[in-house]
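All chains, please: the whole structure from these sequences, using the hints.
As given, the protein sequences belong to chains A and B, one line each in that order.
All residue numbers for the first sequence refer to UniProt numbering, where the first residue is 1 and numbers rise by one.
All residue numbers for the second sequence refer to UniProt numbering, where the first residue is 1 and numbers rise by one.
Just so you know, these hints were derived from the structure itself, not from any lab.
Ideal Cβ placement from N, Cα and C applies to all residues, glycine included.
Don't take every hint at face value.
[Stated by the list, open to error] To give a feel for the contact side, a few chain B residues facing chain A, derived at Cβ under 7 Å: (1) Lys68; (2) Gly72; (3) Leu77; (4) Asp179; (5) Leu220; (6) Leu360; (7) Gln361.
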Amino acid sequence: MSTAGNNGRALPWALVTPALGWTLLFFVLPFIAMGFSSLTAHEGGGFTASNYSQFFTNPSYWQAMVNSLQVTAIVTVVSVLLAYPFAWILAEQVPERWQRLALMLAVLPFWTSYVVRSYSWLLVLAQNGVINRALTGSGLFSEPLQLANTRFATVTGFVHFFVMLLTLTIFANLKQLSPSYRKAAADLGAGPVRTFLHVILPLTLPGIMVGAFLTFVLCIGDYITPQILGGNNELLMPQLVMMQIGRRGDFPLASALSIILMAVVTIAYLACARWLKIERA
Amino acid sequence: MSAISASRNPLSILKSHLHAACAATALLLGAGSVAQAADLNALIWCDHSDPALLQPFEEANNVKVNVKEFEGTGAGLAIVEQSQPGDWDVMVIDSIDIPRGVEKGLFEPLPDDKLPLADMFPQVKMDGSTVVGGKRYGITEKFGYNTIGYNKTKVDPADMQSMAALTGDKYKGKVAIYDYYLPVIGMAALAIGKKTADLTEADLPALKEELLKMKANAKLVGEVTASQTALATGEVDILVGGGEWVTAGLAKENPALDFSIPKEGAVLWSQSLAMFKDSKNKDMALKFIQYVMSPEGQARLATSSCYWGMPANNKAALTDDQKKILRFDEQPGFLARAQAYPAPNADLDKKMQDMWTEMLQAK
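Here it is, written out as structure tokens:
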């Protein structure tokens with residue numbers, strides 16, 4: 001009896017051990033190493049908290065965090081606003097037999113290299129790019145607009161990527177909704193708009209939040225897109241982190257900045273989980 | 001510890017098993033290339049990964065050159081620190097950073113008598129950096145200028161003879177800045193009449209003011225590829241910090257790209273080769289350095305597909321066309337007006353980088 005009970009407890013642990021081992025090896029241990037490094041002086045070693053204090057006392061560093069949060073918030077909101085109707089059309093308007101093909105087409109951008117995609121956007125948005133040629137060629141503008149090397153370009157590059165990610169999560173959520181919700185709403189006299197606003201949207205909110213949180217996490221930690229498309233006209237946190245490594249090899253400061261960035265992501269997660277019950281998704 | 005107790009130690013057992021596994025793997029991997037006698041492991045910049053440079057050396061010496069690219073001395077030294085002693089044989093490094101490697105005990109002195117020092121442009125030997133404690137730890141292989149790169153069909157070349165053009169209104173929004181703080185701070189120093197070698201913390205406010213003026217005129221601040229692309233595609237017409245390393249490689253496709261050494265001067269960049277103290281293949285490492293410094297190796301390195309630059313050896317076997325593109329014959333005049341790359345101590349370096357961060361964040 002006792003042996004059977006032990007076996008019953010051992011099996012779940014055995015099943016979860018590979019995942020725990022993986023997390024320990026590739027997250028916990030590196031995180032501890034990074035934490036240790038962040039408390040070490042770059043020159044001469046020794047314990048110091050100055051890597052953290054620099055972030056709070058240097059306005060340029062602080063500004064990088066503000067920029068990151070602003071860009072991430074804009075990207076998340078715009079991506080949700082674009083992805084929701086897209087996912088809804090896919091789930092509700094496209095016939096079932098075409099949905100798989102439509103989804104495949106929707107995720108096509110994932111098949112190209114992230115770097116290549118960013119450089120492609122740079123060419124599209126450049127002074128002599130497709131958009132500016134169309135605008136000046138049609139006579140709408142006499143001079144090309146500065147689209148590349150701006151925050152707008154960074155946001156565009158991000159949104160292109162994350163709309164696809166959000167579409168997938170929202171589409172999956174929409175497909176899980178039973179048709180009886182809609183029928184019940186109609187029986188009670190609700191029109192399509194009211195049904196959407198009071199039934200469909202609240203029920204798909206967990207899917208939106210999961211996608212939005214993933215967008216937030218991936219966007220705030222991304223280095224490539226702002227580096228290629230932003231033209232360094234403002235720095236985001238990942239760029240600031242990389243800058244410490246390039247020539248000076250200041251890994252302690254880079255570690256401290258990374259941990260601060262991670263703390264912000266954790267706060268965002270706690271905020272999402274508490275207010276919007278993310279676990280329901 | 002006795003041999004018996006060591007053999008019973010679980011860690012030793014694990015270690016010996018690991019060694020055996022590694023040896024077996026190495027044998028398996030090596031089986032496909034038994035014809036090659038040895039490998040040479042090189043930490044390099046992208047210009048050394050060109051097969052046109054490496055292949056002749058590999059064939060002549062029956063050796064495989066394994067390369068790993070890095071950007072920035074800090075990143076390169078971090079790779080070395082994370083490797084086992086002996087993993088690397090040679091390294092490409094900013095000439096001014098050789099003392100950093102020597103301080104860490106990484107480099108092996110090089111034999112002066114086996115290197116073509118007499119054939120080098122005297123100004124680029126950089127003995128102040130490459131020779132430490134009377135011993136040579138590096139040799140300059142390639143150099144050039146951080147100066148003004150421009151499109152001569154879009155701007156008046158006469159304007160490019162003065163750095164004032166970079167901060168004036170005439171080319172506002174047509175300028176890109178190369179995203180590397182040391183050379184561009186060096187250019188800002190020249191613009192305000194300071195010598196790059198004499199920069200101190202007291203100069204930072206004036207340098208910052210000059211950098212902010214440049215930023216106000218700039219459309220972007222880009223690393224190598226971004227700034228080169230911006231100039232080549234017409235996104236901008238002027239590149240602050242550009243030089244032959246941007247324009248020469250694109251000369252065939254875009255002959256309108258050129259560079260000037262303005263009246264204030266230019267900043268001299270130079271890269272060196274160093275040999276690791278723990279290299280297990282020092283003879284081959286020296287042969288590699290000698291090959292790169294030879295007239296043929298120098299010509300191939302100077303015209304590498306990644307970026308062009310002036311060969312340090314003035315006997316480099318360049319064609320007349322290549323010499324023309326690199327403005328080889330004008331070098332004595334250029335070198336006379338060029339100033340050294342700023343080489344700040346660690347404290348000033350940090351302050352300069354923070355000043356650069358501030359410039360990037362400025363609206």
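Results for each hint:
{"no.": "1", "hint": "Lys68", "verdict": "violated, 16 Å"}
{"no.": "2", "hint": "Gly72", "verdict": "holds, 3 Å"}
{"no.": "3", "hint": "Leu77", "verdict": "holds, 6 Å"}
{"no.": "4", "hint": "Asp179", "verdict": "holds, 6 Å"}
{"no.": "5", "hint": "Leu220", "verdict": "holds, 3 Å"}
{"no.": "6", "hint": "Leu360", "verdict": "holds, 5 Å"}
{"no.": "7", "hint": "Gln361", "verdict": "holds, 5 Å"}
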